[in-house]
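Respectively, the protein sequence lines represent chains A and B.
Quick note: the first sequence uses our numbering, first residue 18, plus one each step.
Quick note: the second sequence uses our numbering, first residue 809, plus one each step.
Honestly, the hints are just simulated from the structure, not real lab data.
Glycine included, each C-beta is placed from N, C-alpha and C at the ideal position.
A couple of the hints might just be wrong.
What the hints assert, rightly or not - Which bits of chain B does chain A cover? Going by a derived footprint, with three or more residues having C-beta under 8 Å, they are:
#, region
1, 875-884
2, 962-973
3, 996-1007
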Amino acid sequence: MDKEELKKVIYEMVEKSMGKKKLKQSDILKKVSAEHGVDKSEVKAALKELLDSGQLIFTYFGGSYIEIPPKEQP
Amino acid sequence: MALKHETPLLDELEKGAFPSFVKEIKRAAETAENPDFAQDLLGQLELSYKEKVTHWKHGGIVGVRGYGAGVIGRYSDVPDRFPGVAHFHTIRVNMPAGFFYTTEALKTICDIWDKYGSGLTNMHGSTGDIILLGTKTENLEAAFAHLSSRGWDLGGSGSAVRTPSCCVGPARCEWACYDTLEATYQTTMRFQDELHRPMFPYKFKFKFAGCPVDCIASIARADMSVIGTWKGNIQINQDEVRNYASSGLDIQKEVVDLCPTECMTWDGNELKINDEDCNRCMHCLARMPKALKPGQERGATILLGSKAPIVTGALMSWVIVPFMKMEPPYEEFFELVERIWEFWDEHGKNRERIGELIERMGFPVFLREVGLEPHPAMVKEPRRDPFYFWTEEDIEK
């Protein structure tokens, strides 16, 4: 799976879980790696790009989570 | 500028002999470049003291772009009454190892914070970082860019590696058994990703103490405590011991009788130490620094698992490696850390510290999975007995 596809898979996973369960980075790495047979380091690299580009952000609610930024944020 | 709010309860905290944070906030309210922060901080704080309830909401945004750590989001729940602190985010800046600064470096930080924030700082809070208190969301990126352009970086927060910290080590202390400053710096550089991008079940703290005195209290405050120690005998200069005696120190009463393991004798002329029984309490070295020095083969004891009582109760660190050489490039140390994180990542629950995980799963399971051989020196708490129980299969017959 190439990086762009992987980014799409991660983004959709975060989007689907919004409002249901907050995902930690380790949740995403474990799940994507298990479901798509990709090494965790590749998932981590794709996730890093999503975070660097601002498509996903870290949030903090007692612990750190990864979420889609709220619409009002630039 | 006159103060906007009456603060009779806070005023009480200015009385007495000790420095007062209220006095400093008032000074910022009167003289800071952005005085609204401190003005309304006083008002909101007075309200909290009156109502005995906090008016801060915590969380939400946590960083500048790409970073998941280093900014602690804080909002007022009464922003209409105190608009100056509607946002009052904290920026954590990675401090230099051992807290050594030039005056110029401190001035740079203060100038940046006067421009983008409240002007209030907390130099080295319990995390050790430089804490810049109070700014607005729209100022975060600019403040970070300015700090970054002057060579500063953000520290850790949230479920990440927290900014590693250490004692002053060999820079100022003759007892340092390894270079705590270098170990802190190299650990910070090695784990940049883990510091800035929260990837763990919960926080993870490193603290590097140069000797068993443990001036930074790493044994109680760090998930991983690296405490300097030595192998072999304490170095004794008998002439200096006699000098202490002749200058009035009662060696029997003030040194020998206070040794917790009773491993010393003094016949009025010569001090003898049974080093096998020494538990590194450091009392004798501290009492006679010219006469006694740590042994020549030096390194560190690695301990794991201490924490303050946040989610569950407080824990003390547990010895996992009785002796490790702590020298660059620290590969043995870094590989151990990574194996521990893999174990934590695999089994840790959300908001479960490594020490709590070990308590839940058992130390033998931890040792097996991380690949550490059990050893009688793996004491659970300082100067206590080992805990490990071998199974029938472990024992060679």
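Checked hints:
Under a criterion of three residues with beta carbons nearer than 8 Å to beta carbons of chain A, the stated coverage of the region 875-884 of chain B is upheld, 5 such residues being counted. Residues of the region 962-973 of chain B lying with their CB closer than 8 Å to a CB of chain A number 4, which satisfies the three-residue condition for coverage. Counting residues of the region 996-1007 of chain B whose beta carbon lies closer than 8 Å to any beta carbon of chain A gives 3, which meets the minimum of three for the stated coverage.
Checked against the numbered hints given earlier, this structure breaks none of them.
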